[in-house]
Structure formats: structure tokens, C-alpha cells
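Residues per chain, in single letters:
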Amino acid sequence: MTPFRSHLDHLENQSVFIFREAYHAFKNIAMPWSMGKDSNVLIWLASKAFFGKVPFPVLHIDTTYEFPEMLEFREWATAHYKLNLVVKINEEARARGIGYETHDPVTVTHELKTVALQRAIAEFQWDALITGIRRDEDPTRAKERYFSPRNAQFEWDYKDQPPEFWGQFATTSQKGEHVRVQPLLDWTEVDIWRYIQREDIPIPKMYFARNGKRYRSLGCSPITKPILSNAATIDDIIAELETTRTSERAGRAQDHHERNAMQKLRAKGFL
Amino acid sequence: MSAGGRNTELVAEPPGSAVGNQRLKIVFVGHVDHGKSTLIGRLLHDTNSLPEGKLAQVEQACAAEGMEFEFAFLLDALLEEQEQNITIDTTQIPFRTQRRDYVIIDAPGHKEFLKNMITGAASADAAVLVIAANEGVLEQTRRHAYLLSLFGIQQFCVVVNKMDLVDFSQDRFRTIEAEYRKFLKTLGLKPRLFVPVSARLGENILNLSEKMAWHSGATFVQSLDQFEPPAPPTRLPLRFCVQDVYKFDARRIIAGRVETGTLEVGDEVVFSPANKTSIVNSIERWKADGGDLAIAGDSIGITLREQIFVERGYVGSHQKDAPIETNRFHADLFWIARQPARLSHLYTARLATQEVKCQIASIEEIMNSATLERTSGTAVELARNEVGRVTIHARAPVVLDNHDRVPNLGRFVLVDEGTIVAGGVVHGGVYTDRATVKSKNIFWSEGKISARARATQHGHRGAVVWLTGLSGAGKSTIAQALERELFQRAMHPYVLDGDNIRHGLNSNLGFAPQDRIENIRRVSEVAKLMADAGNVVITAFISPYRLDRQRARTIALQGNAEFIEVFVAAPLQVCEERDPKNLYKKARAGQIREFTGIDAPYEAPADPEIVVHTDRQSVAESVAAILEQLLPRLKAEPLVND
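Sequences listed follow chains A and B, in order.
Residue 1317 in our numbering sits at position 173 of the first sequence; the count goes up by one each step and never skips.
Residue 389 in our numbering sits at position 372 of the second sequence; the count goes up by one each step and never skips.
This is chain B alone, in the form it adopts within the complex (with noise of 0.2 Å):
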């Protein structure tokens, strides 16, 4: 059981050499009986981890029941998995070389086992991706990098095994290699060390084998201690997520966890999802003097010098790097459940300490995780084990941040009957500028009716409906229409229209590029308000900037109301052939200046709620299509389905 070595030196010391440092966390993955369990079995083996007479225990059972020892015996703790001969789920095993301690996280090869391999994984620091030599490439090996680089894992190690089953062949290493190392390009994956080892004969564990003496990197050891300890992501914005608020003894403290950056006594910090300002007064901790700075890690409390109201899943952030509020937002999905996921089923999403209900909008794409194909189209279910570039809806605003920017608050789970059933990575997010949607010194007041008891009495709640398009494609008809159709259901609906309010609020603006900004930006905060009251307010203005329908949507989820983004689209030879009023007329006899559609850009929204097309359909269709979608948002009960 011996390895001959090149390098004797490197012999484990007993456990003791490198204690008070954080361990740090691999997980092992690969193919099943590509050898996980032996490597990690020789591994304990040969850095004397092993608890005293582990092996001899093993090696007899084994002679008992007539069978050659192997090592991945060693790791199988539990008997089911002897039985079953496949690892059933993660395992956490400590070890220690002389440069530090680590935890071994053993991930299921098995293909079913993705929640398994994701329990383990999501914790890691690093990772090995185990590949044997005979076989080369398969499709695990493929899907587990591409799930480890979903999951965030940046630092990764190749290990070729069974070097021994290929007469150590440097050529058949070095064309695995190649291959691989070609695939985890694609994932924008960097691999540390590619290293051939034979892990059940002990070649290239701790010490460099002879039979492959081509090799002159490092050992698997070696390569091991030369992973990155984790540090703390200070240098990230603040994030501070709210756990609880507890009133234990006079102190009102705000319990939570610095996720990320870094946190000061006398900070400006900003409370999403309300968007209230307060100073922190103290950090608080029991009998501990950790001073007036907590850091990214710290399970801390806070005090605030202003009593502002805040509740779980609240999050605190300084004002310049405010993290997204959105209802909506874009994420790869992956599904761990067995029931697949369905497009019209509610579920509840839980981001950092936010739980909230939501619906998948659409599946955009599903991602073949072994070849990393993409099947675009609308898929309306996400099968096991897929992984889905989807859209969210969630029924209240989510504060969140695009996975890459802060990882900590740009990952989610989805929750079916409470179990979860998938996970997912936030990407494509807009970031807004608070300061500029409002005021610091202006706090959105709840008033002392709730939106729920306003809803509860009209029978509906609050909501705006923007609608968004070229000139003469059908906007204000169609307002008209579901007006009607709303009122007619005794609901409260209301159309904002723009000449009305050119009318009135508006007369001081013209139609340069600065009003008509403003324009905009005072229909969303009259929109918002009527929503507040109850309404469902229709808005039918051509709003064409992107960026201004984003702000729209902002302030409207800052008074708790629904926005909803339909697109009246119509081809721009059509709107001209219509042409109601006569101005593209006017506009291409140059009487009308930065007409949209003409001489000013019109950007089509890029995922609205709705979409519907006046060229193809009538009226009556365009207001049957919107409210199929509208009417269930309204309700004023959450429906509940789980």
C-alpha cells in the first residue's frame, strides 16, 4: 500500500501542524467510477487523516466478506452505500496537509444527484474535477464544470486517474487535456493544474511517481496547497441583509448578516426594498468587542439613529451602490425537483432573507449542460437536472444584484410545498440611480390605509398598465377598450391620456428631449399615486427611450403598485398608413421636428409583461390577449397554490 516516490521528503505530519486556520473546502466531481472515492480514500490515506484503525477495520471487513480492500472503501461510512456501490449524497471529510487543513466535500458522480452535488458545492473554495484516463471526457465531467461554474466556483484542479489502466501514457494524458481544457474555455473556466495520478496505486498523490517522470508539475497534493484560501468579499458594495428585528430589552436592534462589503457606525445606509434613509448608531454584539466596523461575514446587529421601519429580507446598502429593485428580473434556472417546472404554478422565491411569490414569466432558452447546447424557443417546462435562461415575475419588488457584480445577492432558490426545487444565478439586471428617481429626504409614507385593505375593498389591487408604441399603432384605442372591459367588471380602472395631462399638470413642458423626460417622469408619479389609491391605471404615451419606461416601472414599485409593460406594436408603414392624426405627414414635410418613428429613435421594449401586435390583431383581441394576462395579477387575495 506503499507509493514509491521521487521526493520522500514530503511525508504528512500528524494532525497539529496547522490548526486556528480556516479550512478550506474542496469539492471532488466527475464521472461516476471515474475514481472520486478512491482518490479522496488514498488521499486520507496517504496524509495520515485516517482515525486511528480505520484501515485495518476496513482491510478486515473486507477479507471477512471475501473481497480485495479498495480504497474508496474508507469513505463509505454508511452501508447503504457499500450496498449500492454509488455515493448516495454529500459527504464532508477533514484532512490536513502541512500547508493546511482542508474539508473534503465528496459530490455525487451519480446523475439523478444534482441537489446533492449542489448542497455540497454551493459551500466550496475550490474544486477537482476527477477524469479517468481509459475513459477520458464524458458527459459528467462536461456537466459538472459547467454546473461549478453556474454555482461560482472560480479555482479548479483536473485530475487525470487510472493512469495506471493507460501504462501512464503521457500522449493519452496530454490529448485529455487538450480536449478538456477546450471545453472549460467555453464556460470561461481557467484550470490551475492538469495532474496524472493514479490514485489506488498511490503515483502522483504526495509524492511525484517515477513511472511518469514526463510530469513535471506538481503532485496532487502540491496542487491542492496551491489553491487560494477564501477571503471575505469586503471590497464588494454593502450588503446587509435583515434577519430580524428583536425588541428584547430597550434596544431595538436590527439583526443580520454583512453579506458582503463593509459596514460603519455613522454610515448612510439606505433600506431597500422602502428606500428609507438612517444613520447607524451602533453595531451591536454580545459580549465581544468587535468595535465600530463589521465586515463581510459578520452575523452582527445594528442600531439607527432615526426609527425608520424595517422587517426581514430589508436590505442595507450605502446610496451609491444601491443593489436592483425589480418585480422582474432574468436568471439560468436550474431545476433540482422531480416535477418539472411549469410556467403557470406559483412559487416562492427566496433571495438572501427576501421571500417572495413569483411565477416564471418564460423560459428564453434550456441549456444541454453535458454538450452546453442551447434550445431556444418557449418551452413552457424545465425538466430535472436542466438548466434554464428564464424570466421571473414576482408579485412584490425583489432587491437583488446580477450574479457577477455581487454573487451573495444575485443568487436565488425557488420553493414549491417547502422544499426547494431550483436555483438560480441573477443576470441582465439595470441598476438605477436612487438619487436621481428621488429625493433623499422624501420617504414613500404607507399611510395609514393599507394597499391590502384597499384591495380587499375594491375587489382588485392597485396596478399600472403602460402602454407602449409607435404613434398610430393602436395605444389609446386599445387604453379605451380595456378601460371599458375593466370598468364593466366593477373595477376602477382610469386612462391617463397625453393630451389630457399636456392639458393640465404638463402645460409648462414642450417637447424637447429634457421635457419630455420630465413628461414621462410625472405620468409615472401620477400613475404610482392612483395606483396607491386603488386604481388600475392605463397609461397610453409612445415613451420611447428604454430607460424612461425603466424609471416608470421603479417609481410604480416604490408604491408597492403592479407595473405592467404592454408593447402595442404595429410596423411603422402601418402607424403611417393609419396616421389618425396627420403627423407623420407633417413630419415627413418637416412641419414636426423628432418625430418618433420618423427623425427620433423608438426603442421596442426588450421583455415586456405583454406584447400585442394591432397589424395582425383587432382591437377586441389585442384587449382579450392583455387582459388573460392582466386579470390574474389583479386579484386581490396572493393566490396560493402551495
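Extracted from the complex, chain A is given alone in its bound form (with noise of 0.2 Å):
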């Protein structure tokens, strides 16, 4: 009798092993973790791959603008998973006056992530990120690879990208490029909902419904918008996404200050 696998086995298996790829392929490897769904699926992918272990560091661009659950969550689960959490905030670009309060989404954003991360990446010299992105949240995103190379101004040219088949990914990169590596590109809204479901895997509150209210994809405090909705168990989000055909990042504003604001951030290397 062959047991049977479901679509989320398939998912994990695919993960996993992209996982262990990347962590056999590159020597200075970290994961960017927000502490968003996505981001702790990660982590819980991780620990499958590894067998209970995270054996890379953890990195949070702190953008000064976080909600205060999620950074009690990022205490509480550095400690649960005994993680190797870096911190890193863009302070020089803080102290120039850079902020919601003055400038766009699109400059913000830009500052605060973007640039945190470079110098995050140029610091501790890593030559691969894990990134949880998937194709279903932008069009975008759609053309991505499970390792995509990104030059060293972070640029991505989706133009020109590396083959990728049978399991053989780009697993090289020159000094000063990084690889993203996205285990979750095949994974939709849904089956990540699923897959937090079936196993019980820790996320904020912030996400289920309070007072007709919640948030459905998380980012900074003054940009990121809850939606109308009574969803307070993870049975009523999947039911609610069952249903909707609004996108998930609508209520994120640096996406929709300008046409195309998604490409012209995610080309200058934001995730």
C-alpha cells in the first residue's frame, strides 16, 4: 500500500529540499524574517530541513515602524526555535529625518529595507538570502526562480535569467552578488493558511479578526492597512480567501503610491 501524499506534502518535500540545496551551495547564508505568515512558515520549513535546527542566522530590518505584537513575537520565537537573530535598522537614514511622518512609501521603503539590507548583506558578506516569496503575490513575482541571482547594485534582470530545471539551480554567485533562494515560490495564500493549520504553527495575533478587523498581510504600522473582516480563526480566513479576489497586498501602500511601484522596488532589490 503507497501511502498517500496531499498538495502541502508535495509543497514541503519541494521546500526542503531547496532548503538543503541552498545550504550545501553557499557558505554565508541568512534568512530575512519579518515575522509575517510567510516568514515563519520559513522557519518552520527550516527546522524540517535541518531536523529541529535553524543552522543559519535570522535577520530582521527593524524599520523603527513595527508594530509592538510583532516584535513580541520576535522575542518569543527566537527563544522558541533558539534562533541566531540579527537586528539591523537603517539609524543613519532615521537620523537624516527619513520617515512615514515626511516622505512616500516608495522612499521609505526603499531606505529603510532596502538599504538596511545591502548593508546587512555587505556586512556579514552572505552570498545567499532565503526569501519567502511566492508567485501568486505579484504579477511580478510570477517570473521568478527558486534561485535568482541579484547582481551587485541588487538589481534582478528578469530578462536574463538562469535556467532552471530538474532539481539544478544557480547555486554560484560572483563576489559582491547574492542568490535569493525562495523555497515558497509555488506556495499560494491559501496553502500557506493550510499548512499553518495543519501544523499548528505559531504566528502573530495580528492576523485574525478583532473588532470587524484584520490584517491580511503585514508591514509597517502607518502603511499597512487592516481589511473589514470577521475571520477569527484560521477555518474563517481560509474560507474568507475561498471567496475573495481582491489582492493580498492590498492594504500595503508603498505597493500603490505609483504605477508599477512593485517593479521599480523589487529592481532595486527589494524583496
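Simulated from the structure, these hints should not be mistaken for laboratory data.
Careful, some of the hints might be misleading.
What the hints assert, rightly or not - Stretch-level coverage of chain B by chain A, calculated; a stretch enters the list once three of its residues show a Cβ under 8 Å from a Cβ in chain A:
no., segment
1, 254 to 267
2, 313 to 323
3, 397 to 404
Where a beta carbon is used, it is the ideal one built from N, C-alpha and C, also for glycine.
Each of the two chains sits in its own frame; use the hints to bring them together as a complex.
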């Protein structure tokens, strides 16, 4: 009797395979962690891949506009998973007065997230970053590879990407370059929720409805708006997602500030 | 934008009906401008799979630009695509029918973009080939089908699009169908269905078209729903490919993926290429109760009862169904890099988790992937988008399978300067029975001094140079001349001569077939040991049977020695005229029985590393030809040019 493997099993197996390939291929690897739902699924899958251990540093880019609940969750999860946590803030940009109070979201996101990330990569000499990018998040992400090289300027050349097939990935990078490793590429938002439910993965409470509102996607507090929802459990959320046709990142202001904002952010190195 | 139809109850449900099932991945291919993007845009629209507001957004954008709306625009998520009006890269788009979830892989039709096509198509479960009814079967229509067959995709549906441009003509459809079926048959492919559609007008997409009432078959969506879902290849032989060995805690966990077959606690597993055996003690998973059985597709870890040396690249199998181990294999290679393939160049081959340096030893045939014409001869280059039938020579043994037996271990990529430059599928490999090669209880011991350390001290690597040919072809003469040449280069050659061996080690053997086999086996073993000690062993035996020489190769590779087969060729008539030991005369007179070439067969090598023709080349020329190919392989440090 051959046991049954579900769609989630297939996704999990593939992600674990990618984690291990990345860990073998790159000497210096790190995993950005936003404490959001996808990020926590990544921590979980890394634990699956390495049998209970996350064997590389986990990086939180702190924009200083974090929700307090998220920071609480960060401290709890760091201890719970025994993570090697690195926290980075672009203090220099904050000192220059860059902030949501005075600047547009694309500028602030670039300075406080992308630039902070670039500096951390330079400081730690990471040659690969494991990210939680999913193809279904945004059209620009549909063309991603599991292993996606970024040049020294962090640019993504989506017109000339390396071929990727038969489980063989682009695993080399030149000095100053790094590779984005994307184990969740094939997952959808509903897959993530079903997996969180099945595995009982801890996530911040802000995803669940309070007073008729909940957060579907979490970013910086001034530019992240909750959606109208009464979904108080994972079952409710899955039921809600099954019927909605609004995009997941609709509540994230930096995506909508101008036409093609996401594409511009991504070409400049945004995750 | 609505399509009239005969069958109105077939309206797609909103998302929500088919959750939890695995998504079927379908690749769309076809000649450029035959309407793939339009077909996909129409499919998304008619199955109600577009994000909210997407249609309106694209319609507004078209209005703003003063352009007519086209369904293809729905796909063009990136600005650049719209500007260039071609599909740049593989795109994945989910949609859903009443039956199940799908992911569309839109592969480009532009002929320069093979690498994107393979990236998309290699993971597909089924393919849709699009042909424009007004243009019919064109170059890429044939090329794509050929490539998909090479990638191993079995399920096809052919859509004849733009039927509106040929007045929905049944004759036109039948003509195209007949022509294309004939072509697909030459590839061994059987399309599931041919469907006439107009993607632009929505005819025969979701509902049966009234304009094509002559079509009694399925609609496009129905034909998709008839594809079989992928099943994990559990019935194939076990191939557990090791990714790494982890020691994060007290456990020593061998992590990897079961590519094919099943693996159970208590199984005896042989790890190639070392050919070491141990019993599976446990299957490790974190926070999962997967039990004592792992199946194809599972990413797991295992612990072993006896601690044997295993590292990344090793392949676990069951003893009775072991893979092939060889440093030389045949493959169909499709070239995707701008730089053409070159014979002398050193590439890295990656097959499952193995990585070895290799060269393309020869290109026997180049296939025109549009006409399927083969050009045989001695090509030295393989250009971008060409497919060649080649022989790969690797610098270390590779564990592999024939692609038609175990696809996962029968496909590989070549990497140059960190970039994948080609993909290949293996064919024609010979399986040997591991149990007859070696008793399972005796393991090859690597000793304390590594082969690399010996090579560094000796200035060259150990190797077995196996001369084969008829009696009188010149094996012994060439062996001795070659030995002298190597010795003069301060190397460590040694000739294993037939007579010397028979006087000592093999003095208990006669010339009966079983004794001959045993003779060659012992010679192979001695050669392996001497090569492992760092010598260049030159053997000079008729060794008429291919199987024996194959076994000699396997034995040498198990000792991590290079094995180079040299065919010392001369026509029988020439050998008989030479007859240095008067053996042919005796054989002709009936004084010797079962003499090779007279009343016993000689099986010439099918693909030796080196061939010399002693009827036209002098001894010096023959030795020079051998040295030219031999010396680069004996270098102490692996050649690195990438």
C-alpha cells in the first residue's frame, strides 16, 4: 500500500529540498524574517529540513515602524526556535529624517528596508538569502526562479535569468553578488494558511479579526491597513480567501503609491 | 466578449470547489504568433480565474492607448513584454475548472528562448501544443514537440487555433491534424486530442462551438480535464539521492530525497558509487509522523545501522535494482548557451546531487530539431538550440540510469562558469549485476593514503590502459613501446602481459570459456590494485568479449582508477599474415581450438576511448596517438578551466 501524499506534502517536500540545496551550495547564508505568516512558515520548513535546527542567522530589518505585537512575537519566537537573530536598523536614514511622516512610502521602504538589507549583506558577506516570495503575490513575482541571482547593485535581470530545471539551480555567485533562494515560490496564500493550520505553526495574533478588522499582510504600521473581516480562526480565514478576489497586498501602501511601484521596488532590490 | 455555446451548463464555478488537490501543471507551446497568449487569456477569462478588476484594467489601458483589446494582454504582466510584443520568460498562472486546479506554464515561442522553455516545460505534467489554422504546422510546431518528448513529457493535447480565420473549415482542421499526427508518431508521441478553437472569439473553449458543429469531440477545457494527474514514481527502482550528512546533534542523519521507488526501515541499501551496503535504521522527519516508509518525492533523512562512509552525491538503491556506475555514457544533449559546446572543454556535469568534471568525448550526431534530420559524422561543436547525440567522459564514476528506465537519474545538466549550458538525457547504458562483481561483504577500503596524495607524489594519477584486439594486432608491441614512453617521462607504468600472468597467478586456469572469463577477471582485479597504488597499468590481452571488458571497467572504477579502453585494430587478414607466434597456422590446421578470429568470435569495442589502426599506423604513430589522449587524463591535479 502506497501512502497518499497531499498537495501540501508535495509543497513541503519541494521546499525542504530547496533549503538543503541552498545550505549545501552557499557558505554564508541568512534568512530575512519579518515575523509575518510566510516568514514563520519558512522557519518551520527550515526546522523540517535540518531536523529541528535553523542552522543560519535570521535577519530582522527593523524599520522602527514595527507593530509592538510583532516585536513581542519576535522575542518569543527567537527563544522558542533558538534562533540566531540579527537585527538591523538604518539609523543613518532615520537620523536624516527619513520617515513616513515626511516622505512617500516608496522612498521610506527603499531606505529603511532595502538599504538596510544591502548594508547587512555587505557587513556579513552573505552570498545567499532565503526569502518567502510566492508567485501568487504579485505579477512581477510570477517569473521568479527558486534560485534567483542578484547583481552587486541588487538588481534583478528578469529578462536574462538562468535556466532552472530538473532540480538543478544557479548556485554560484560572484563576489558582491548574492542569490535569492525562494522555497515558497510555488505556494499560494491559501496553501500557507492550510499549512499553518495543519502544522499548528505559531503566528502573530494580528492576522485574526478583532472588532471586525484583521491584517491580511503585515508591514510597517503607518502604511499597513487592516481589512474588514470577521475571520477569527484559520478556518474563517481560509473560507474568506476562497471567496475573495482582492489581492493580498491591497493593504500595503507602498505597492500602490504609483504605477508599477512594485516592479520599481523589486528591480531596486526589495524582497 | 461572451461566447455563444451549445452547452451552457458547463460554466466554471468560482474558486473554492477543488481545493487541496495537487495542481496539474500544463505547458503551452507553439509557433510564435499562433495564439498561445490569446488562448491563455481567453481560458482565464472564461473560467472566471482572473483577479478582480483585471479585465477592466486592461481594457482601460487599451482604450487609453487607442488600441484594440486583446486577450493576450491579460498575460502581459510586465511592461517590457507589451513593448516587445513577445513573451520573454516562462510565466506561471493558476486557474481552475470544475474538475481541478491548474497551473499554466506559458513557454515562449520565440526560437532563441529554449532555456526558458525548458525551465517551464521540465516541470510540466502535460502540454498543450498550439497551431494556427491559417498557417498550419511550422518549424517551431515540430521543434517544440520534439523537445517536449526529449524532456519526458508524455501527455499532449493539440489545439488548432484561429479557426475563425479559415471559416471554421473542417477540411482545414483535418489536414492539419493528419499532418501533425504523422509527425508526432515519428517521435513516439500520441496526442490525446485535437481540438479546433478560436481563442479570440471563445469558440470551443468552455462550451462546444455552434460554428463548428462538425466537431464531436471535447471542448478545450474538457480536453484539459482529461489529462491524468501526476503520480509519484513509487513503482520504479529505489533511488535515494543524498543531499548532505547532518550532525547537528548526536544523530548522524543522511538527508536526501527519495527520487523514485520506496524506502523502508530495515531495508538493505547499497550506496553507489562506493558500493557500500548498510541497513536503514530509521527514517527521520521533524514534527511529522511519516512512519517507517518513505516514497518517491519525500524529502527525508535516514540513519544507518552500520556507519559507512556516505556523502553528498551518493545514491542509495536496493541491491537487485542498482543503477549504472560509469565514467563514460551516451546522451542526447540539448545546448542552451550562447557559446557552442566544444569537445576539449572541461564542463561540470550535475546529475541529481552528483557533480563531476567531464568532457564531451565525441558528438556522433546532430539533430535538426525541426525536421528531425540527423547529421552524423565527426562534429566538434554543438550550437545553441541544437540537439546532439554525444558521448560524455567524466573524470570520476557517475551513478546514473537510462532515461527510459529511471528518468530522475537519467537526466543531467552541464554547467560552465556557474551557468547551466545544456541538459541531457542518458541512453544505452549497460546494467551490471553488482552481486557478481563483488561479494557484498567485502567493501572497498580506501586506505589511509588518498589517491590524490599518491597522485601528487607520483606526479600523475593511476590508471588502467586496457588494450584489446586480435592476436597479432600489435597489442604487446604497443604496450611495451607505450611503457617505455611513459617511463621516460618519469612516470610509473607497468605492462600486465598475458603470458606472465598465466605462468603465475593464473597457472591453474586453462582456455575453457569459464577459465578465460576468470583469467580476465583476475587481471582486472590486479590492474585495479596496481592502479590504485598509483601506477599506469597497461594490459595486453585479446579480451574478445565486450562483457568482460565492461566488467574490467567496472572493477577499475570501483577502485577509483581511470579506465581507458584502447582498441588495437587490424583486419584479420593482416594479423594472420603477421602471425608472430604461428598461432593462426595452428588454428587453421585444427591444432588449436576456439581461437579468436578463426573459430571464436571477437567483439570489437562499440566506443573505446582510443582506436589505433596498426595496419596503417606505425608503432610510433600508434603510441603517439595513445599518448595524446592519455597524458591529459593522467594529470595529478584535475584540469580546471572553469
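Check your understanding: Taking 8 Å as the C-beta cutoff, is the stated coverage of the segment 313 to 323 of chain B by chain A satisfied by three or more residues?
Key -> It holds, with 4 qualifying residues against the three required.
Practice item. Mind taking a look at whether chain A covers the segment 397 to 404 of chain B? Criterion is 3 or more residues with CB to CB distance under 8 Å. Key: With 0 residues close enough to chain A, the hint is violated.
Review point. Taking a Cβ-Cβ distance under 8 Å as contact, does the segment 254 to 267 of chain B have three or more residues in contact with chain A?
Key: holds (count 5)
Going through the hint list in order, the structure does not satisfy hint 3, though it satisfies all others.
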